[in-house]
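Heads up: the sequence shown is residues -19 to -1, 1 to 1139, going by mature numbering (1 follows the signal peptide of the UniProt record, and there is no 0).
If you're looking for bench data, these hints aren't it; they were derived computationally from the structure.
Being a predicted model, the structure only gives us computed values, none of them experimental.
No residue lacks a Cβ here, since even glycine has one placed at the ideal position from N, Cα and C.
Hints may contain errors.
Unchecked claim - List of simulated lysine-lysine pairs, DSS-like, C-alpha gap at most 25 Å:
#, residue 1, residue 2
1, Lys227, Lys272
2, Lys208, Lys272
3, Lys711, Lys753
4, Lys753, Lys767
5, Lys1126, Lys963
6, Lys963, Lys495
7, Lys208, Lys244
8, Lys1075, Lys1088
9, Lys731, Lys767
10, Lys1006, Lys1088
11, Lys244, Lys264
12, Lys208, Lys316
13, Lys227, Lys282
14, Lys264, Lys400
15, Lys282, Lys264
16, Lys724, Lys767
17, Lys767, Lys711
18, Lys1070, Lys1088
19, Lys1006, Lys963
20, Lys1070, Lys1126
21, Lys1006, Lys731
22, Lys731, Lys711
23, Lys227, Lys212
As the list claims (entries may be wrong) - Quick list of simulated restraints, FRET-style, between CB atoms:
#, residue 1, residue 2, range
24, Val662, Leu1128, 57 to 67 Å
25, Gly435, Lys316, 17 to 27 Å
26, Asp834, Thr986, 24 to 34 Å
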Amino acid sequence: MKPSLAFLLLSLVVGNVSAGTRSGGVYAVTADAVTNGGGQSAAGVYANVASLGEIVGSQSAANPPVQSDAGWTSQVVVSAVVSAPEIQVSTTSMGFGNVAVGSNTSLNLIISNLGTADLTLSAMLGGTHSTNFSHNTVPATVAAGGQATVSVTFTPSAAGLRSATLQITSNDANESPLVVNLSGTGVLPATPAFTSEPASQLVLLGSPATFSATAIGQPVITYQWQKGTAKINGATSNELTIPVTKAADAGVYKVVANNGTAKSSGAAYLGLVTPNSGRVVVKTGGTLTLKCTVAAPAGAKPLYEWRRGGQLVANGTVGTSVTTGASAASLSITKVDDVHEGDYTCVVRLEVGGVVVATMSNGNGDVNVQVVNAVPVVAVLPPATVSVSEWIDIPIVASNFPTGFIATGLPPGLKLDPKTGHITGRPTVASKRNTQNTAYLPNLITLKASNPAGTGPGQEFSMTVEALDPSYIGTFNGIVARSGASNFGLGGHVQITVNPTGTVSGSATLAGQKHSVAGVLDISVGNEPTADLVIKRTPPALGDLLMDININFGSGLMQGRIIEPRFEQVLGEIAIGDPEEPGLVDGDFGDVRFNGPKGIAILPSGSGYIADTGNHVIRFVEGDLGTVATFAGNPTPGSTDATGTAASFNGPEGLALDAQGNLYVADTGNSVIRKITPLGVVSTFAGTAGQLGSANGTGAAARFSAPCALCFDPAWNLYVADRGNHLIRKITPAGVVTTLAGKASVGAHKDGSGINAVFHQPSGITYDPVLKALFVADTVNRVVRKVTLTGAVTTYAGSPGVDGFSEGLFANTRFIEPVGITSLGDGRLVVLDILLVQLNPNGTACTVSARLDEVNFQDHPVAAVLDPVEGTFITVHDRLNAVCSYDADAPATDAIFEARRNPWTATNMVPGGEQGLYNAVMQTTVPGNDIDFPLGEGYLQVAISKTGVATWAGKAADGSTITFSTSMAENRSIPLHASLYKNTGSLQGECFINNTTFDIVSDITPAFDWYKIPQPLASTDRSYKSGFLLHSLEVTGGKYVPNNLHDYLELPDGTAAMDLFFVESQINAFSQEFTMAEPNGVIVPANAKSLTMKIDPKTGIFSGSFKDGSPAITVPFAGILINYEAGNTRRGFGHYLIPETTDPKSLIRSWRVGLDRD
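Please construct the entire structure, taking both the sequences and the accompanying hints into account.
Structure follows, in C-alpha cells:
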C-alpha cells in the first residue's frame, strides 16, 4: 500500500539543519531516505519524531507518491524546521483528602516543558463537581526547559466524594489535551466537643495561674478565653496563663471553642489567697490573731480550716484560753501560753453551689508563733574599725524573739533597720581624733531590742571610722584609650573627683560628648579603694556605660576602664570545613568539605541547612550527631525539580525556613526561588529558571535576577534581596510576587518609598521583630538600609558610597563590603562585613569579632544565624569554604585609662619656675611620601597656672584648631584630648614637663596619636575628606619666654639673618630669607611669591601666606617657635596648606614648613 505522508515524515531528517533554524526547499521523501529536489542530500534516519522538532510542509498535488525499486517516494515542500515543546506534569491525579464543607485546601501542580520550544498553555475545569475546584492563572507560555506552578484549590460545597478534571490544552501535539483527575471528600463540620475542661483553682496571690482545655471537631478548632462575659485580648490558644496574679484577676473563666459552630466550656473559678509568712510574737497572756485573706469570684464561697503543726485547730476553751474562728478568715486565741507556739497555716477551699471546686491543701503559708514572757537582751558586739565609704552590714543579735531594734550614736552614713536589726550603709565622716591628733576616738553606739514584753537594756558598741588617705582624695585627670565599643575609636578624657566622704563624681568625655560620672568608693581598712561607677550618657537613649576604678595608695594614680555592656566580643573558630581543601565531602564534621558556602538556616533543634554554593547543593547539618549530608541537589548545575539529589540547583545562596520546616532557597544562578519540604521534595516556588527580569506575578510568571538572600516576616511573607535587579521583593504564602522597594535595573542610592527608593546590589536581608522592619545589607552602597513592611526605605547605618572601618553612631559607621545581615531577635543586628559588626537599637555600632585567617586575610562571613540551643553565633565563610562558630566572650575592656591626681592648690602651688607657657611641635611618624596623611607639623601651647590648671591651644597639621583644659599631675604629666571634625576624629595623648630643663618630653614614644574617619560624600570638607588611619605623633618642646623673640632664639645682638623653608609638594621646595631685629622685629623683603609673615612675641606662633600657581592661589602657613634644651633646638616648626589644583573644590594637603637661622 502507499505510505502516508505522516509515515514518511517520521523518517525525515534534513541534514545540517539545527533546531531553531529554517531550511526551505523541496525534498523527495522515501521510507528509507530523503533527497532534496535541488540535488542536496539529507542524511540520517531518526525514529523519534520528537528529535525532528516541528515540520511545516505540504505534499504537491502535481507530484503524488510514486512506487519504485527504492520504495515509495514523495516530493514534500518543507517551509520550516523548528524545535518542539513537550509537556510533563508532576501528577495526573490530585487527591485532596477530607476537607470540611465551607473550608478549603490547596495543592500545587507543576507543569514542565521538557522540549526545546516554548509551550503554550490553557486550562479548563470539567466534570461533575467542577465548581468545587478552582485554580490560579495558568501562564500562557512556559519556556523551553522551564516550569510553571499551578495552585489548585478544593472547596467542597457538600459532604461526600467530589471529583472533577483539569484539562490542559497545549501545543504539544502528542499530549493535548492532558487531563489531571481531581478528587476530594467533603465532610460536614462537627460541633466542637471538649475532651478536657478548664479546672477551678486557688493560687497564692502573685503566683501564676494556668487554665487549659482541649476540644475536638471539624474543621480546625479556634479558641477564645473569657473572664465573665468579656473576651480576653490575645487569649486564643487552648491554654490561658496569668503570669503574675492580682486580686482583680479573681473571677469566673471559660473558653469558647469555635469551628463555625461555637461551644463554650464549663465555668472555671479562680480564687486568690494572700500568702502569709514570717513570725508573730505574743506576750504570755496576750491574744493571738491571724488572718487569711481570699479574693473569691462572684458565686464562690471560700471555706477556711486553720492548722497548727499540721493539726486542726478547734474552737473552744482550754483552761483560761478561748479559741474562735478556726473555720473562719480570722483566727483568735486569747490568753496564750507556750502550748500555743508553732507554725500556723490556713487551708482554703472554694465552694460553688455547695460543691467544693478547688482546694489549697498546702495552706496560705506558715506563720511561726512564739510566746514570750521576758524582754530581749542584745548580744555583745566586738569593737569595729572601718573606713569612710566602707560598706557596713552588721546584724544585731538578741534573745527572746525581738520584734524591734533601736540604735543611738550611729556614725553619719549608717542606718538601722528597726525590724531586722541590721546596721547598714557607708560611713561618710571619720571619727574624731584626740587633742594630740595621734589617734581616733571611737564612736559609741547604744543598741536596744524590744518585743511585746518590753524593751531590753542598752548594749554599747564601739566603732572607729578612719578617714580616707589624702592620696585618694581630689580630682584625677587622664586619657581614655581608643575603643570601638565605648568611644567609637575616638578615645576620650576622664575628670573624676573623689570627695572625703567617699562619693565619686565627675565626667567622661567620649567621642566628643561629655557625660556625667557618679558612684561611691568601695574600701576596707588596709586596702586600696575601688569603685563601680555609672556613666550617664547624653542623650539618655544611648544608655549607661560602666566604669570601674582603683586608686593606688600614695601615688595619686587612678587606673580604670570603661565598659559598654551592650557589646559583647565573640571568639570564633572554624567548626566545619577546611579553607585549604574545598570539595564536596559528607560525613563527620572533621571530614566534611564545602566549596564557597553562602547561605545558612537553622532549626529550633540546632540542626540546620547550608547552601553549598560552589557545589550547587543544599547540605544538612545534624548538630547532635556531628554529621553533614547532602540534602538536595547534585554537583551538576541545573534547575530540575525532584526529590533529594535528583533535584539540581545553580549556585544557591540565601536560605530561609518557614513554620512548617519548609526550606526556601534563593537559587541565584537560576534566578528563581525554590522550596524544599522536610522530606527533600524540591519545587520552584517563584520565577522561571533561566528567565531573568523584574516582572511581578504569581509563581512562574514572576522574574528575578540573581536573588541572593531571604527572610520571613511574622505573617510568613517571604522577602528577597534581588541583587541583580537592585530590588527588594515580597512573596506572599500563595506565591504572589511584588516589588516592595527599589527601581529595577537602577543601581544607586536614594531613600524613599517603593520605587522611589534605590539600592545597589542588596545582598543581605533580615527581619527584626522588635524594630518591626526589614534591614538590608546594601553592598555596593556600603550601608545598611531599613525597609518598613510598607516599603519606606531609609539609610540605617553607614554613609552612602564611603568605605572604611569605623565604629560609633550609625551616621559615623563605615563598612567595607557588607554582604549579609541577621537579626538577634531583640533589636540588635549583626552586619557581615570583613568582620562582624553589631548594630544596637540605641544607634551605635561596634566590631565584635576578630579575623579567623590572620595569615591570608581571606575570611569574610556572608551569612549567619544564632544557634537557639547553644547560644553561639554561626556563620558561613565562602572564601574559607567553612562554617564557623562564635562564642560569647565578654564586653570589650580596651577603653582603659590612667588618671592622675592634681595636687596643686592655693596653699600648695606649682613651683614658680614651672608656671607659664610651653611650646611644642607635633611631628608625624608617617613616611614623608605618604600623601594620604597630613605631612606638615602641628603645634601646641600649654599654659600652666599656679594651681596646676593646664590649658592647651594650637593647631593640628591640617589646620584644625585644638583647645583643651585639664591639670598637671604631681609627676608633671599633662593629658590632651581634642575632639575634631564635628566628633568624627580626635588627637590625644600625654606628655610631661621636665622640671629641671623645662622641656616637654614623653614617657612613651610617640606621645600622641591622631585619627579621622572618612567623611560623607556630601561633605564640603576639602582637607583629607577620605579621612586617615590612626597614626602617631612625636612631641618636642619646652618653656616659652614671651616678648623677646631675639633672646628666646638666642640670636646675636642687633639683627639676624633667618630662613623660612617649605618642603616640596606639588610645588617645588623653596625658601624665603628674612631678618629679625631685637627684640621682636620681623622683616620680610618683597618677593616673587608675595610671601608675608608675622611672629607673635606673646606666644611664639608665626603665621603668613604666599601665592602660587596661575591663576594664583593663596597658601596659608603657620607654626611655632620652640626651645628644646635636650636637643639644643631653637627654631620654628609648622605646616602649609595647599590645594592640589586651582579648582576651588580640590582637596587641600598639608606639608612641612620650617623657620631657622640662615
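Contradicted hints - numbers only: 2, 11, 12 and 15
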